[in-house]
Amino acid sequence: MSIYVNLDEIIKKNNLTSKELADIIGITEANLSILRSNKARAIRFSTLNKLCKVLKCEPGDIIKFIDDDNDGEDNDD
Amino acid sequence: MLTKIFYLFYDYKKSTINFISLILLALVLVILGLLSNFSTTNFTILLEIMLYPFKFISNTLKSLALTGAVGNALALTLFGLISLIPVIIYLYCCYKNKKCIEIIDLFFYIIISILTGVIIYLLINPTLITSPLDSINFLHEEIENFLQNYRKIIYLGLILVLILVVILYLVYRFLIKNKEQPLNLFKAAKFLLVIQRICYTFLFIFAFYIIPIMIKNEVNNLSNIQYGKGHEIVLIIFEYFSYYLMFFLISRVLRNLHDLLVNYTNEILFSIDNVMLLKNCSSLFLIYFIANLAYQLINNVYQLIFKNNIQNLKLSIDFPFTSLTLTLVFYLLALVMRQSYEIYTENSLTI
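First to last, the protein sequences are chains D and C.
Counting with this note's numbering, you get residues 1 to 77 for the letters of the first sequence.
Counting with this note's numbering, you get residues 1001 to 1351 for the letters of the second sequence.
With the rest of the complex left out, here is chain C (with noise of 0.2 Å):
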């Protein structure tokens, strides 16, 4: 079901054979997800995911480097290609357009180079991150176990700061491209439609990667709870259908804005069709609203019912202002749209 929104939204070209590559994907992601080593929070999964091409390309060179001295040389030079590879695009994009891009550019590109070289050269030599208590040697188990995670919070942070400028450096390229030629709303669309893509991609990769970690953290958790194993079975399947309902609206909601930015790009501004859209993403929104209400009553109200039998109590009181708001947002908008439809309708029935 999931795969079939997923593949609604990605129709670039209708076909069985992309549904089922749609679909083999999902599953190699399912199959990666069980069987990484991941754990804790979302938003540290996804920067260990950003994380894995680097400890790809680390290992590889570490290998090479060991085989010899050719080897040796082989992956010093690959290594050095590597890092500069953000500055080797910009050399090429000089050499094509036949001048420079601003200085600016540059500096942003070299950032990029130093950034990737440095997060690759410390995978390939982590005894270069030492903790600044080494000295003390009567705690050198707990050190070395304190080590491992700082310098797993020194790679993560590095990957944050190199997206970061990433999306620092996009930023700037969309200011300065927009200042030779000004902005309108379908072309902002366009842009919009892109980090939309970018949104469901995320989305995709939530569903079908980290989903099956979650899972596996929570039979891991499951078999260490002494008593009440049922009830916190039950749990877990309220929290799950949930995260269901959660993704299943989601995407309808990105869905819609698809279609939205799709009509804008294609200069449809004034349509009763746009009305209908932001309409819905006002109503979906109502009901993630009120599901993640209802969630939570339901959740604690169980857990208060069979308080006994549960080892953890884990209430949750939350309440979801976000979609609330953007319920609103997307209502107040919808009204708008519909007042300027039918102004332009009389506008253009005007001769």
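Chain D with its partners taken away, still in its complex shape (with noise of 0.2 Å):
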């Protein structure tokens, strides 16, 4: 995947646990585990709003797109 997740920086800067932004944003704290992991294959658009909202930011902040070598290759799982 060239799709990162870049939230472990973003919740650092707004001094959130992780057990906090899931209570606000209303997903379990396995689901967003999933999102920091870059194990998720998609994102819902009300759950990225919610995110913004909560952490004051730009999807772009959030998700960033790395060109990697090895494309083609899916590393889920």
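Just the calculated beta-carbon pair ranges, DEER-fashion: (1) ASP8/D / ASN1266/C: 35 to 41 Å; (2) PHE1174/C / SER33/D: 41 to 47 Å; (3) PHE45/D / LYS1096/C: 54 to 60 Å; (4) SER18/D / ILE1268/C: 24 to 30 Å.
Some residues of chain D that are not near chain C, with every Cβ distance over 10 Å (derived): (5) ASN6; (6) PRO59; (7) LYS64.
If you are wondering where the hints come from, they were derived from the structure by calculation, not from laboratory data.
The beta-carbon is built from N, C-alpha and C at its ideal position, and this holds for glycine as well.
Taking the hints as your guide, dock the two standalone chains into a single complex.
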């Protein structure tokens, strides 16, 4: 995957814990962990909306595109 | 080997004692099969097995009735009580639940009671079933033989009716029960698991009870053959090897289905394990299909090569359409399950 979720830094900047963020945006800690560890296959607009609202940032700050050399091979699971 | 397959299926408590008891049960069935005087088709053998307990009860009652007046009265009472067992069960359920079940349930229980009573009564007094040709005296011996078969057909017919009524009642109860609570896959899996266990039990009985009967019949037939006994033995070996292979494959399919249903009852629907189980079933049916065709080919070619030395040519031409259809159905199900699994994974990883 070339799309990376960069949540850890933004969470730190906002002085929040994973549990607090999960509670505020209404998802489980397990799902937030999937998101943070780049295991997620997709993200809903509603979740992205809530994240941007709570973390006071743009979608581009959370999701980053990095062009890997190993393109085409899925690193999921 | 077969016992081990069955043992792995009946793995409610895996222990050596259970394995030994299963082997002993298989041995008892084999001995009973060798001692029994059953013959002809497999379907009637199953009905005849069902007739066993009725025969046992009627013989006991008959011998009790012949002991004297007290014995006769006791036999009559026992006969009434045994026939009324379904109705007694119904009344007990009414008493236990403090309310009567529906009238249709009572109707079914009465029908089952009547059928049980009639079967036992006819077995006690077989002379009640008389032939319509009884008045012709010069055909007495032929009529007597005919009458025996005639009675047997009536007994087996009644047993079949009894089984059908019980199945009808169970289906009715199943539908009524699920009208109150909507049926879902996980609940249905529990019912299917019961049906599947019954199938396995039948397969067990078939493997260890009916096969010895069939072998016994083959030996009897072999003794009546004038020439070509060696070839006949080879053909019998082919036939029974194919039976063994079919049993093995069917029991493996049932084992896979069992695991699948267990997963469903545990509410594990979308998993790669289920996909593999369905694929295995498909492969097993494909092997079954190929094995069946191969057996027929070998059997027919062998008979045609040695046609001058074989007394009774038994060429078989049968396209195993069912196994081919089941192969495709299971393969399709595996593909659907695979796709569902991917969608499920995608969905569960969408935050």
